[in-house]
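Student: Respectively, the protein sequence lines represent chains A and B. In terms of our numbering, the first sequence opens at residue 243 and continues consecutively. In terms of our numbering, the second sequence opens at residue 31 and continues consecutively.
In short, the hints are calculated from the structure, not lab data. Where a beta carbon is used, it is the ideal one built from N, C-alpha and C, also for glycine. There could be a bad hint or two in this list.
Calculated Cβ distances over 10 Å to all of chain A for the following chain B residues [to be verified]:
1) Glu33
2) Asn40
3) Gly88
4) Leu98
5) Gly141
6) Glu144
7) Leu153
8) Glu160
9) Gly178
10) Ile208
11) Gln245
12) Ile250
13) Asp251
14) Glu269
Facing chain B, according to a computed beta carbon distance under 8 Å, are these residues of chain A, among others [to be verified]:
15) Glu605
16) Tyr629
17) Arg633
18) Ala637
19) Leu643
20) Gly647
21) Phe648
Derived Cβ-Cβ restraints for the label pairs, each shown as a range [as the list claims (entries may be wrong)]:
22) A:Asp346 - B:Asp101: 47 to 53 Å
23) A:Tyr326 - B:Asn159: 40 to 46 Å
24) B:Lys212 - A:Ala660: 43 to 49 Å
25) B:Arg140 - A:Ala675: 30 to 36 Å
26) A:Ala675 - B:Ser89: 42 to 48 Å
27) A:Asp654 - B:Leu153: 23 to 29 Å
28) A:Leu622 - B:Gly205: 24 to 30 Å
29) B:Asp101 - A:Asp671: 24 to 30 Å
30) B:Asp81 - A:Ser593: 19 to 25 Å
31) B:Asp207 - A:Asp671: 45 to 51 Å
32) B:Arg65 - A:Asp299: 55 to 61 Å
33) B:His38 - A:Asp654: 45 to 51 Å
34) B:His169 - A:Asn371: 22 to 28 Å
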Amino acid sequence: MSKQNIHQNVVDHYSGEFTRLYSAENGELSARRQAALAEFQSLGLPTAKQEDWRNLDLAPLSAAYEVALPSAELDYFDDLDFKYLPRTPRLVFVNGHFTAELSDLSLLPEGVTVNSQTYLLNTNPDQVNLEQPTGGSDNPFELLNRALFNSGASVEIAPDQPEPVNLQLIFITKPGAEQQTYQIRNLVRIGANSRLNLIEQYIGITDHIYFNNVVTDVHVAENGSFNCIKIQGEAPQGVQLSTTTIDQQANSTSRSLAVSLDGRLIRNNLKLNLLGEGAHGELNGLYLGRGEHLVDNHTLIDHAVPNCTSAEMYKGILDDKARAIFNGKIVVRPDAQKTDANQINRNLLLSDKARVHTNPQLEIYADDVKCSHGSTTGELNPDALFYLQSRGISATAAQALMINGFANEVLDTISDEASHELLSNLVDDWFNAREENN
Amino acid sequence: MIEIKNLHVNVEDKEILKGINLSIKPGELHAIMGRNGSGKSTLSNVISGRDGYTVTKGSITWEGENLLKMDPEDRACAGIFMSFQYPVVIPGVNNMYFLKTALNAQRKARGDEELDSMDFLALIKTKVNEVKLEESFLHRAVNEGFSGGEKKRNEILQMITLEPKLAILDETDSGLDIDALKIVAEGVNNYRSPHRGFLVITHYQRILNYLAADQIHVMIDGKIVKSGGKDLASKLEAEGYAWLEKPIAAD
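One chain only, chain A, in its complex shape:
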């Protein structure tokens, strides 16, 4: 069977899933789902010939996964063991199902409204906000998610909240049926002058193959602030495709950190839209790859208006036969004078079979701008290793110190102490597992 036929079969499969799940529904939401499905059908699955999907092994994304239904029927509570912030409010989802027993919203301040999307879909479907991301979507998986999603969180913060709001969204994948897909859609709205510190964490505890198709739309109003740490700790056979869009209005700030720890394939599409003057956005990332895993980060920063600044730092550590892709695009539109944008991508290869494809893309249509980019890929610096050894530190410990140091440059962008410790611990777990294998 040709690739095209396989792809058509998968498109047909999802169309069948749509019929199975939503054919009985009608109303505004149903119409929007239908429209998204139609767009998905005409666009089809991506191919390796498309620029945005080059170098990526598309097979794990292009299989016929069964759409999982959030359900309380599984026994969710046996020895779930994961690291999180115990004193920060949290919504916990297990296999797409919002699990009140594991969640804790008791410390959530007033002025914050959180809901599971499943609840909203069941109780008030026509109120569910189902906009397409700003600038439209040419990403078939975003369209697929819009057509099929049945899980995720909705977070709204009223304007003028005096204190920053802290929140965790935790998505756990446990052994369920084989080859399922979880269609998760998160919506975050931050009112003017309000601040949100969000942790969006994915944890896979299963040997099954599964596919998390996640869409997160964030809107930050004037003078608002959004601080986000996405933690991708999928199971070794887990696949995640994540499409995040952050819209920023005037004088708002955002700082996003994506930490990819594990998963057979992780693909992140992250788009930052600087829509109001004086907005500042930071995108940081740390990706760790081992085995034959693949991590792909595609970022796009769109400077649409004057006087905005952006900074981007992505670092990767790749062991074994792992591969990574970094594609960082910065667009400065004709009106966006006085833009200041810088981007850096650094990769550390711990094995001669690890590979990185890095591709910065600057599209600058304004003349009075400051833009810089750079990328490096290399091994541990032998001079630095010798320096540490010459002080009495063993070769193994010196390597660990340097690898940690490489990661710390990204982790140190986290200002909250508890979050910093959580991430340091998760990264340490990754290094310890590596040392045990060596």
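Got chain A sorted already, so can you dock chain B onto it with the hints?
Tutor: Leaving out everything else, chain B in the frame of chain A:
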């Protein structure tokens, strides 16, 4: 404590050291002077165990053991320290954490108890004052954003924290202004003891105005051509190396 005999060293098949003999006893301070390219830094690198140097002949004995068979970290734990000519920047590695890791690795190797964070903090605070570095340098990445003088003072900080038996200062004085030079010299003088030896490698006689050298050696083209006392340094300062390069010319 260290005994170097007829040491020949190649770098990429080119002979750099051509038969070095040098013996340093506890309490002594030796200086090696020579022009760039004479082989001074090769000697310090071979003693501290850097890769890329092939010993073709001769030996280095450390307290009765074959030093050349030891890994760099084992040499450090045995009490050898080298202040680098070009200290390396190690991004993301906290200077204080690095120092604590190094000290505890050495203490562990010697069978001493490791210092906990509180004890180490108390120790390092006194040491950092001795080299007149701000405490904030402890919280920065190793050598990152340090000026030339700060890097060298950070080397001396490591020396006085690790308290080696033999400290090699590889052109630690190069590029230092007079104040920084005095701090470095003071660090050395305060840590001289009957149990500790020093090997000061330098291009200039200047630092020897502040250090009391027991012996001064002149290295030319991979050999020690002349050894002597303080007068030798003064003569080199006044007359240069040329008179030593013509072996026929009499003293």
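Student: Can you name, in rising order, the numbers of the hints this structure does not satisfy?
Tutor: Per hint list: 15, 34 violated.
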